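Residue numbers (my numbering), protein chains in the order written: chain A, 24 to 345; chain B, 24 to 345.
These are computed hints drawn from the structure, not numbers from a lab. All figures in this text were calculated on a predicted structure; none of them were measured in a lab. Take these hints with a grain of salt, some might be off.
Pairs count within a copy or across copies, as identical chains cannot be separated in the list.
DMTMM-like cross-link-like pairs, simulated, lysine to aspartate or glutamate; straight-line CA separation at most 25 Å [unchecked claim]:
id, residue 1, residue 2
1, 303, 143
2, 318, 143
3, 303, 314
4, 329, 162
5, 108, 139
6, 279, 232
7, 277, 293
8, 157, 83
9, 49, 211
Protein chains: 2
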Amino acid sequence: MVAAQDPESFFATAPPLRDADAIAAKLQAFIASNSRSSAGGGNGRPIVCVTSGGTTVPLEQRCVRYIDNFSSGHRGAASTEYFLKAGYAVIFLHRRGSCQPYCRFLPDDSFLKFLDVNEESKVQVAESHETVVKKAIGDYCKAMEGGSLLKLPFTTIFEYLQLLRMVATSVSSVGLRGMFYLAAAVSDFYVPWESMAKHKIQSAGGPLEMRLSQVPKMLSVLRNQWAPLAFCISFKLETDSDILVQKADMAMKKYKMNIVVANLLATYREEVIIVTNGEKNTIRRCNSDEDLEEKIIKLLAHKHSKYIYGSLVGATRVETAL
Amino acid sequence: MVAAQDPESFFATAPPLRDADAIAAKLQAFIASNSRSSAGGGNGRPIVCVTSGGTTVPLEQRCVRYIDNFSSGHRGAASTEYFLKAGYAVIFLHRRGSCQPYCRFLPDDSFLKFLDVNEESKVQVAESHETVVKKAIGDYCKAMEGGSLLKLPFTTIFEYLQLLRMVATSVSSVGLRGMFYLAAAVSDFYVPWESMAKHKIQSAGGPLEMRLSQVPKMLSVLRNQWAPLAFCISFKLETDSDILVQKADMAMKKYKMNIVVANLLATYREEVIIVTNGEKNTIRRCNSDEDLEEKIIKLLAHKHSKYIYGSLVGATRVETAL
Numbered sequence: 024m025v026a027a028q029d030p031e032s033f034f035a036t037a038p039p040l041r042d043a044d045a046i047a048a049k050l051q052a053f054i055a056s057n058s059r060s061s062a063g064g065g066n067g068r069p070i071v072c073v074t075s076g077g078t079t080v081p082l083e084q085r086c087v088r089y090i091d092n093f094s095s096g097h098r099g100a101a102s103t104e105y106f107l108k109a110g111y112a113v114i115f116l117h118r119r120g121s122c123q124p125y126c127r128f129l130p131d132d133s134f135l136k137f138l139d140v141n142e143e144s145k146v147q148v149a150e151s152h153e154t155v156v157k158k159a160i161g162d163y164c165k166a167m168e169g170g171s172l173l174k175l176p177f178t179t180i181f182e183y184l185q186l187l188r189m190v191a192t193s194v195s196s197v198g199l200r201g202m203f204y205l206a207a208a209v210s211d212f213y214v215p216w217e218s219m220a221k222h223k224i225q226s227a228g229g230p231l232e233m234r235l236s237q238v239p240k241m242l243s244v245l246r247n248q249w250a251p252l253a254f255c256i257s258f259k260l261e262t263d264s265d266i267l268v269q270k271a272d273m274a275m276k277k278y279k280m281n282i283v284v285a286n287l288l289a290t291y292r293e294e295v296i297i298v299t300n301g302e303k304n305t306i307r308r309c310n311s312d313e314d315l316e317e318k319i320i321k322l323l324a325h326k327h328s329k330y331i332y333g334s335l336v337g338a339t340r341v342e343t344a345l
Numbered sequence: 024m025v026a027a028q029d030p031e032s033f034f035a036t037a038p039p040l041r042d043a044d045a046i047a048a049k050l051q052a053f054i055a056s057n058s059r060s061s062a063g064g065g066n067g068r069p070i071v072c073v074t075s076g077g078t079t080v081p082l083e084q085r086c087v088r089y090i091d092n093f094s095s096g097h098r099g100a101a102s103t104e105y106f107l108k109a110g111y112a113v114i115f116l117h118r119r120g121s122c123q124p125y126c127r128f129l130p131d132d133s134f135l136k137f138l139d140v141n142e143e144s145k146v147q148v149a150e151s152h153e154t155v156v157k158k159a160i161g162d163y164c165k166a167m168e169g170g171s172l173l174k175l176p177f178t179t180i181f182e183y184l185q186l187l188r189m190v191a192t193s194v195s196s197v198g199l200r201g202m203f204y205l206a207a208a209v210s211d212f213y214v215p216w217e218s219m220a221k222h223k224i225q226s227a228g229g230p231l232e233m234r235l236s237q238v239p240k241m242l243s244v245l246r247n248q249w250a251p252l253a254f255c256i257s258f259k260l261e262t263d264s265d266i267l268v269q270k271a272d273m274a275m276k277k278y279k280m281n282i283v284v285a286n287l288l289a290t291y292r293e294e295v296i297i298v299t300n301g302e303k304n305t306i307r308r309c310n311s312d313e314d315l316e317e318k319i320i321k322l323l324a325h326k327h328s329k330y331i332y333g334s335l336v337g338a339t340r341v342e343t344a345l
């Protein structure tokens, strides 16, 4: 059980990622093309990795049952749109089937509701939805054609952490220009692959006893080893307001995050608390048409610039002093 | 633990279904309108309840984590289309967000891919997808306007079983004309509501120990109490081919199903075994463009007619003999 909490053994025993080489190549190309000086200011665009949606924990190797974390992926998808608008290149590391950028307005149950067949018997979008769909298509195409959006999907905790490691070690090459916006709901517990039932667990044997191991805390590894210069933002979601800020403070210190975004399940679309070292800002949306993410990303992009500038000035001072 | 395996206590302790009265009223109206003799043959349309998608088992009352069962809902959605085509009225009891009838052709990751903006700057469906989308809209509208499709969504095992009971006791009023096609992947284990953690389980305390109770076997209750005359089809999904047919046979006998559809996780789209009393038919699809469900539903509708006819003839014989 001790071994399972160590990052090295987690990766050593995880089922290997499919198409790892192809994904690595895509990542390299994406980072390279967004690092040419023509892509952004002097040194290329800032690059953010947005993680989004919940991870699953398989309970069986040939998976029928799994533990899942609640997350629609709405926050990650919306944030991706605003990061792109703010000039970032975005690696959107998302749960398969979760909410996608520019698709948030889709009706939940059936997209058929907003399609019509017109007089020339062509399928078209109903007039009521036309404006919003047109804008979405335009923005989506711009991001894809401009090469500033890379989508990488995951389902299990094993896929997620292997992809995160791959993205982080790649993004570390852009140093301070890198950002991690860790909005995914990552499982705290898992069943190590080798101790997992091979086949579907049979129900005839009475109640089911399960013992889940803790997932190693990869935030520390991300910070200390994978991408030590990147600007790191993690999220804290709780259901109990009494412990929220305290847990966010603990995460700040323990994992040396630059920022922790704290939110409650009941109000996460209305309000978040941005916790930095020694500062707490509550951000609220004023009406339900507004995206809270617009304000969050504006603030974060600003803090990221200050962080880059501060580090460069600091470095210059050190160099000058030497 | 014994109490939790009894259907009565399961329902007594489950969190109550939202909008239960409104759903009950919709159901009554749906069954009544499809039972007028003009709706189908002499006695109205046959009515099938198709269950589809997986149920979740919340691990916390304010739910962040839950156990889920693998199921895209593809089989239930496809089967619904073919039941409608075969003249059935369908109650589609489905997992929220799972695959919907007439939407199966949708690209997985982004619907934006098949929309274009045309010369008059109107949004339209790309030509490559036009035929299939037009047919889908036509079929969907026909089913909805004809009043032969009723969609009822669920997420948790608590919602699913309460809805199933409500549907079954309503459908029992149409006697032999009723059918249950139980394709949903229903959890075998759950955490009783009153023994569930109120808030998000904290990860600081080391490994997580969980003890899950068995969900009471509601198939027996459906068969014996809720809708004793309905034609019942259950599904058996396994990952181990060695025990599949044996488990299907056991389910036939134990729950007195009319038919059990047995399938393996690895091949469920290619092949199923239809198990009836004393008979096993393997149904395979010949190519990947074909829906296996078309063949399954054709066979089931035929068996259902024979079942109705057989029961009526049997009843007449008894009456004549008296």
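**Item:** Homomeric proximity label, residue 318 with residue 143: Cα distance no greater than 25 Å
**Value:** neither (44 Å within a copy, 35 Å between copies)
**Request:** At 25 Å max between alpha carbons, let me know whether residue 303 reaches residue 314 within a copy, between copies, both or neither.
**Result:** within (20 Å within a copy, 56 Å between copies)
**Prompt:** Should residue 279 paired with residue 232 be assigned to within, between, both, or neither, using CA atoms and 25 Å as the limit?
**Reply:** neither (36 Å within a copy, 30 Å between copies)
**Asked** When no copy is named, should residue 108 and residue 139 be tagged within, between, both, or neither for a Cα gap of at most 25 Å?
**Response** Between copies only: 22 Å across, 31 Å inside.
**Asked** For the identical chains here, do residue 277 and residue 293 meet the 25 Å Cα criterion within one copy, between copies, both, or neither?
**Response** neither (27 Å within a copy, 51 Å between copies)
**Asked** 25 Å Cα cut-off: does residue 303 pair with residue 143 within a copy, between copies, both or neither?
**Response** neither (58 Å within a copy, 50 Å between copies)
**Asked** Within a copy, between copies, both or neither: where do residue 49 and residue 211 come within 25 Å Cα-Cα?
**Response** neither (29 Å within a copy, 42 Å between copies)
**Message:** Within a copy, between copies, both or neither: which one fits residue 329 and residue 162 at a CA-CA cutoff of 25 Å?
**Reply:** neither (28 Å within a copy, 56 Å between copies)
**Asked** Within a copy, between copies, both or neither: where do residue 157 and residue 83 come within 25 Å Cα-Cα?
**Response** Neither. Shortest intra-copy (43 Å) and inter-copy (41 Å) distances fail the 25 Å Cα cut-off.
Violated hints, in rising order: 1, 2, 4, 6, 7, 8, 9; the structure is consistent with all others.
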